[in-house]
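Chemist: Could you put the whole structure together from the sequences, leaning on the hints where they help?
Number of protein chains: 2
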Amino acid sequence: MHLIIDGFGGNPRILESEELIYQVLDHYPSRIGMTKIAPPYVFRYLGSKPEDWGISGFVLIAESHISIHTFPERCLVNIDVFSCKDFDSEQVIKDIQAKFELTELRSYLLDRGLEYSHKEMLELERL
Amino acid sequence: MHLIIDGFGGNPRILESEELIYQVLDHYPSRIGMTKIAPPYVFRYLGSKPEDWGISGFVLIAESHISIHTFPERCLVNIDVFSCKDFDSEQVIKDIQAKFELTELRSYLLDRGLEYSHKEMLELERL
Numbered sequence: 001m002h003l004i005i006d007g008f009g010g011n012p013r014i015l016e017s018e019e020l021i022y023q024v025l026d027h028y029p030s031r032i033g034m035t036k037i038a039p040p041y042v043f044r045y046l047g048s049k050p051e052d053w054g055i056s057g058f059v060l061i062a063e064s065h066i067s068i069h070t071f072p073e074r075c076l077v078n079i080d081v082f083s084c085k086d087f088d089s090e091q092v093i094k095d096i097q098a099k100f101e102l103t104e105l106r107s108y109l110l111d112r113g114l115e116y117s118h119k120e121m122l123e124l125e126r127l
Numbered sequence: 001m002h003l004i005i006d007g008f009g010g011n012p013r014i015l016e017s018e019e020l021i022y023q024v025l026d027h028y029p030s031r032i033g034m035t036k037i038a039p040p041y042v043f044r045y046l047g048s049k050p051e052d053w054g055i056s057g058f059v060l061i062a063e064s065h066i067s068i069h070t071f072p073e074r075c076l077v078n079i080d081v082f083s084c085k086d087f088d089s090e091q092v093i094k095d096i097q098a099k100f101e102l103t104e105l106r107s108y109l110l111d112r113g114l115e116y117s118h119k120e121m122l123e124l125e126r127l
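Which chain is which? The protein sequence lines are V and P, in order. Using this note's numbering, the letters of the first sequence map in sequence onto residues 1 to 127. Using this note's numbering, the letters of the second sequence map in sequence onto residues 1 to 127.
All the given hints hold, so there is nothing to weed out.
The calculated lysine-lysine pairs, modelled on BS3-like cross-linking and capped at a C-alpha distance of 27 angstroms, are:
hint, chain 1, residue 1, chain 2, residue 2
1, V, Lys49, P, Lys85
2, V, Lys36, V, Lys99
3, V, Lys94, V, Lys36
4, V, Lys49, P, Lys36
5, V, Lys85, V, Lys36
6, P, Lys36, P, Lys94
7, P, Lys85, P, Lys99
8, V, Lys36, P, Lys36
9, V, Lys85, P, Lys49
10, V, Lys36, P, Lys49
11, P, Lys36, P, Lys85
For the record, the hints were derived by calculation from the structure and aren't laboratory data. Being a predicted model, the structure only gives us computed values, none of them experimental.
Modeler: So, in C-alpha cells, the structure goes:
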C-alpha cells in the first residue's frame, strides 16, 4: 500500500531541521513494521524561488520507500509511505500530523503491492 | 503532479540491471524538464522470499523525486515520478513502457504541488 500525505500549516522550525527529518526516516520504519535496507538520505536544497528551499529525504525499506519533502517557508510537507506490506495508515497520519504540527492534511491511500490486483485510491481524511 | 506507474510483464534482464536503473534515474529527469539535486542512489536487495529480490533506486529532483523498485522474478516494476512542475505524463508512461518492455501497465496521476489546491486522482491508462 502507498500512503500519500500533503500536510499544511506545519511548524517551520520542525520542517527546516535536517536532523529531525533524518530521525523520522531512521526510526519510523520500524515503528510500523518496515525494515530499512539502507540508512536515510537527507538533502537540503535551494529552489529557483527563495521561498522554495527545504529538506528532502528518503529511506529505502524492503521493496519500497518513505520520502519526505519539506517547504519551511510554505509550512508544507509532502510525504510518501510506500510499502508492499500493509501498515496502519490512520496511525501514520496521526503520527505525521503530530510530528510536524500540521493544521491541515490531505491523504490518499493506494492499494499497491507485489500482486497484480485491482487498485483503488481512497481519500482517507481531509482534516 | 505525481505520476504512479505499476508495470507488469517487464523484461527481467532489464529489471535486474542496477546499471540501467541508475542510467534511467540519472538521465531521465532532464528529458522531462526536471533538475536533479543529487546523484541517483541505487541499491540491490534481497527480500524475505527468494523471489522478492530486486533493485531499488531513487533520485532527488528539485522539490520532489523519482523512485523505481523492480522485482525481476515477478517481471514487475513500481515507479513514482513526483514533481512540483508539470510534465508530460503520457510521454513518461510511453517511455517507461518501452524502456522496461512492459506488457501491462497501470498508472495514476495525482495533482500535487506547492499550492493548496483541490486534488484529483485520475486513472490514466490501463493498457
